[in-house]
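Undergrad: Here's the letter readout for the chains.
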Amino acid sequence: MSEEKNLGSILVVGGGISGLTTAIEAAEVGYDVYLVEKNPYLGGRVAQLNKYFPKLCPPACGLEINFQRIRKNPKVKYLTMAEVESISGQPGDYDVTVKVKARKVNENCTACNACVEACPVDRLNDFNFDMDSTKAVYLPHQMAFPMRYVIDEKACKGSSCAKCVEACKYDAIDLEMKADTVNFKVGSVVWATGWQPYDAAQIDTLGYGKVPNVVTNMMMERLASGNGPTGGQIQRPSDGKVPETIAFVQCAGSRDENHLAYCSYICCMASLKQATYILEQNPEAKVYIYYIDLRTPGRYEKFLKNIEANPNVVMTKGKVANITSDPESGDPVVVVEDILAGGLIRQKVDMVVLATGMQPSTAGKKAPLDFKYDEHGLILEDPQAVGVYATGCAKNPVDVTSGVKDATGAALKAIQTMVRR
Amino acid sequence: MSEHHIVEPDLRFIKDMKRAGGDSMKKCFQCATCSVVCNLTPDDSPFPRKEMIWAQWGQKDRLLSDPDVWLCHQCNDCSKNCPRGAKPGDVLGAVRNMSFQHFAFPRFMGTWLSRPAYLPLVLGIPFALLWILIGMYGNWTVPEGELKYSNFLSVVAIEGIYITLLFLAVFALGVSINRFWKTMVHYHGEKGLMGAPVPSLLSILPGILAHRRFKECDESKDRYWGHLGIFYGFLGAATTTGIFTVVYYYGLGIHSPYPMSHPVKMLGNVSALSLLVGAFIVTVNRFKGTEKKSGYYDWSLIILVFGLGLTGWATQFIRLADMRSIAYPVYFLHLLFVFYLFAYLPYSKMAHLAYRSVGMVFARQAQRDLVSQEEIA
Amino acid sequence: MEKKLGIYICTGCSIGDALDIEKLTALAGTQGAAVVKTHEFLCGDEGAKVIENDISEEGINTVVIAACSQRVNFDVFNYPDTIIERVNLREHVAWSHTPNDEDTQMLAEDYLRMGVAKAKRMELPEPHIEEDISRTVLVIGGGISGLTAALEVAKTGYDAVLVEKEAELGGFMNKMHKVIPRRYPFAKLEDPSIGAVISEVTGDPNIKVYTSSQVEKVEGQPGKFKVTIASPQGAVETVAGAVIMASGWKPYDANKLDNYGFGQFPNVITNVMMEEMAKNGPITRPSDGAPAKSVAFIQCAGQRDEEHLPYCSSVCCLGSLKQATYVREKDANAKAYIFYKDMRTPGQYELFYKSAQDDEGIFLTKGNVTSVGEGDGNSLIVEVEDTLLGEPVKVSVDLLVLATGMVPTTVDDPVLNLAYRQGPGLPDLELYNGFADSNFICFPYESRRTGVFPTGAVKMPLSGAESIEDATGAALKAIQVIESVAVGKAVHPRSGDSSYPEFFLQRCTQCKRCTEECPFGTLDEDEKGTPQPNPNRCRRCAICLGACPERIINFKNYSIDILASAIKAIDVPEEEANKPRVIAFVCENDAYPAFDMAGINRLQYNPNVRMIPVRCLGSVNTVWIADSLSAGIDGIMMIGCKYGDDYQCHFAKGSELANYRMEKVQETLNRLVLESDRVKILQLAIDDYDKLPSIIDEYMEQLDGFGPNPYKGF
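Protein chains in written order, with this note's numbering: chain A, 1 to 421; chain B, 1001 to 1377; chain C, 2001 to 2714.
Simulated from the structure, these hints should not be mistaken for lab results. Hints should not be assumed to be uniformly reliable.
Some but not every residue of chain C turned toward chain B, in silico, with C-beta under 7 angstroms [claimed, not checked]:
| hint | residue |
| --- | --- |
| 1 | 2358 |
| 2 | 2360 |
| 3 | 2363 |
| 4 | 2389 |
| 5 | 2390 |
| 6 | 2393 |
None of these values were measured; they are calculated from a predicted model. All residues carry an ideal CB built from backbone N, CA and C; glycine is no exception.
With the rest of the complex left out, here is chain A (with noise of 0.2 angstroms):
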């Protein structure tokens, strides 16, 4: 890590796991890199989660690591609220223009949390999937890295209001502030935008969005989690009871060519380890789990077969096609067949999870390079490409660790665009 000598610049874009990975990798062999993450704080979907399978350890430890791995190297600079405008050049001399939108609260800020306690106004949190709301100013995330506040341009009122800068001691907001546009060189680019959750909604047969109780995976992270909108709570949207049964389907979306003809992954493994949420909260909970086949590659197998031997999990094969409301009490009713019994079943739960798969970031908006992408809008990787990667979930749906070794591959790629130059 000769820090005398300038190896090279590396722009990774997209803080998530990958992008945190690849950027602080390639700057600890002693490049320096540029993150630009589109959220105000870094993380990514991973920092959504409650816990990681198949330790059942929070993943806010593994990003600590990695955040104190940041502190400690001046060569990675991170832009949040940031997004890449253009790119262009080529391998080992690109020009690269990021908006940087208006956080609206500058450095000054400590996070003292007086800010919040003037502001009048409420914003549904998407942190959380609109389960809950903050302030117009607020914190992204107890555990943000920046630990820095934001305003919600949409939901601020403006000047007009300004009790937040009355309330700021250290000046730290500045209700003036517009978005800027930065430029800088690089040598190389790795783009690792990730994913979002599929929209439930799309898929008209589950409920979602129609039959109360039926939620996403992704809001059962946040429902179990201690900074969640339930303080960890596992309870139901419609009347915060505890649920006692609860239907996970599988596959809601993925492996489906109406929807996302890939496999998503993650998404038995997820189901599995959420279960464990349930159950550790409600060791009574019936747990229903239906799926087409049950995905647990490599050692993962230990995880499913310590769940499957939980007698209050019953695992199903067979996709639930149909969510109704019960008549009588509303509940959700999941249909499905059990295959290997042959037959329909009705079952009626407290709660439903769907499932839901992970759909490139790059399914709306594309990078602005010349990455060729598949019908969803995965980045197709291309063997013979320098100077230009993609790496994590932007080309391919995986979990954790693969994303953090694919990640850790694109730095090396990148750091060998420089070297050739």
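Here the structure of chain A is known, so what remains is to put chains B and C in place on it, guided by the hints.
TA: Positioned in the frame of chain A, the structure of chains B and C alone reads:
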């Protein structure tokens, strides 16, 4: 645990199935979405998931003896929701087509009607037969005076040949259906069956007449009107022909043509209209894609319906308009279509009238249809 | 270095509202500081400048910043060549305790004294830099993973030495007839491209290849591993900076699968045998050489079975779909049956499943194969239950392929042959069924031997494409460790740390605890048992420091003395004051941030606990416990990471060792007629912050029952 069933996939059957409209069947990965979204399946051993794997595994006997195949009215809710594009609706349609072939008496007829390759033969026979008949009993030149089709070919000749045909067809169909019934009984046993066939038939008849099952469809609700039109069109046309032949011609000795205001005549015209409207809806649906797959069996029937309806109507209007030059050729065509309808009844998609009814009767007796399920409950 | 101490107290973020700053400043004034200043916004430009000016103008070189957590404003309070100690008055005091309360004030004062005591004894670390660092990477194994790793290393401008035990490079990939598609649309089988990779490797001047060779011995440390290779030409010695272990897998021994007739019927073969047969020609029955017109595949032939391999081999479903596909490609009339438990084609491989199954002659069903027997004329009868066909079935086939699983080479071979005190291989692999895997989800390249990176199928069952990805990352990690040790810095998780343990060997009693307990096998021993440090292997966790009964292992900025002085700096009130004092040694990676989170959430907890952050709970030396108790401290909490099979300790064994050692401490306490539960080990995850108040309350309640430390005041 029952005995292990020796499974020997029938590759030829798989190929035939694919040709008969089931070419997507291998895509199924057995998730059972189809069984769940189907509004016509019973809860116990639901269809069409199990039929899909039987089809994939070339389990010919299983499929051809399966009454559930006939409970399916091809709403295509399953095909629409299938995550793999395996189109169970089409695959079950293919099984039904395969049944016409498999149970056909005589068997070669089933083969003839299953593939376009045999079409010249299938059309050539009635063409030649009619030609010979006209040579013997008819006349291509239109005589002076009122335009009468009986001058072209005598009613007796037509009736003679067509009534014979009809009887033969009904006989062949009877033999085929008997084979079908026996196969079902062979595989499912008589033990589980409840009640006798005739009362069962009577009990399902109102449902058939009301097209109740079509109404259960979510995906292709329009099919209800299409099928209803064709169904009652044929029923009306058959009634018209029956009344004219039996009551007026032989009974009362009143000969055609009849005035337009004649009630039976009116029934005939309404029936033709119904046929055409039904066929039109069905065709439009096919192009819209609400009926996903259309094979040879389907198009043959649609063309037949259009042909019957159009030529039937045309002969009447030509007569009224006194368009002598084209009158006989059009009538000839009409006779050709009627021949096709009668002679090939047991082997074409028309046969589903019998197969489906019998399949449904069996299903009713085996308590596999929803109504009997409700009764049990 | 002559120390000139400056103490800076921030009064912002309600610190000033919660504490008597005047009193605190007065206390700071008694601490021997050259400068004591307060500021209402220390992390602001102006505040940070104050410190900066004092450093440059006043010659302040040791700074105690009493403000917020060390986890924030790290970039603001960053003064090069200056000893910096952060005292957390915000999250751990003002935000989590009653404002303007006597106990809160005492807490702040103790923290200030402790910080000063530490700062006074801390020194700036100087990196340990070895000369002649090797920039060559040793790659063990010449399969797809090893070849990829060597190539990627070479492409980055480093040298590689590749050692393959077989005469040919390419491993299993070289024996394959076809490979599963690696790229979108994942539809068609591909021809193996391993040949091109092999020629790229053999043609690369920066890669030295040894075939028919084995690594006999690896000694030394990252940056300068001395490697002995047993080659056909005799022993070769070379030096490498890092090691990539890509020794791959072997098929599970099918002879153990007698329930499927392997060994009994010649027409029962394994998937590996199938691949070889297909590569060499038509698919036939071994019994009579007749063409195999029907082939059945049994998935999970041993996998997912406690009796055989408890794990799933991840690639066998794909492998059988591939083999079924080429059975059909080779003979359009052949039939292929696949009996699976669950069809596992994760991610985009689903598209391959979709395309492979769309074949008239491939028959798939879930099912359990219950028996394999002989049928007519060399055929086999396979009976299957719980099928999707609604009934048990049996099929008659010419050939039965058992989709056997992968067994890592490390299951019975250390592969590395490390000349290390702790043994030749990677430790504790039984946790991973013998695979050389990482225990860390977020850090898959973590290994218990610094500078050694397992990759590919020796680490976990992987497909070829996944192995390539994994090996590319391993190449980066190998290069990274070389570049890190070249400048004397630690690698993950204490990346960039240039402190390292120093041994005062004159007082060493050769008890070997340090050499045995280091989770990374850093220390070797001479004949007498004296530890021989290898600083480049060290991860700076200080578990050796915690282990040493003679207290001779210390870091410049983390030592027995530094923390002992912090303990002594705590003002222990008289027994009559009825103010118990508890020390909590907290893991700075997880427990410390959890306390920060508690503060951020304004959770209130007992103010009688003094927190001392430690590098790892395993770095807690029992002398600190003894010091604490003799100083009159009433109780000691040790809050660290979860241990056991799913340990969360970033240094693998730290919290487990702490627990083990504390059991001994508790025994000692019992002998001293002190309640053993005065010392308590607690496992806490970073997100358990909401539980902290009740955890502390519970402990305090228990302590209350014991009464005050009888040694108080002695």
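Undergrad: Now look at each hint and say whether the structure bears it out.
TA: Hint-by-hint comparison with the structure:
Taken as an interface hint, residue 2358 (chain C) checks out: its beta carbon lies about 5 angstroms from the nearest beta carbon of chain B, inside 7 angstroms. The criterion of a C-beta within 7 angstroms of any C-beta in chain B is met by residue 2360 (chain C), whose closest approach is roughly 5 angstroms, and the hint holds. Hint status for residue 2363 (chain C): holds, given a least beta-carbon distance of 5 angstroms to chain B, under 7 angstroms. Given hint, residue 2389 (chain C) at the interface with chain B, holds; its Cβ is 6 angstroms from that chain's nearest Cβ, closer than 7 angstroms.
Interface restraint check for residue 2390 (chain C): the shortest CB-CB distance to chain B comes to about 6 angstroms, inside 7 angstroms, so the restraint holds. Interface restraint check for residue 2393 (chain C): the shortest CB-CB distance to chain B comes to about 4 angstroms, inside 7 angstroms, so the restraint holds.
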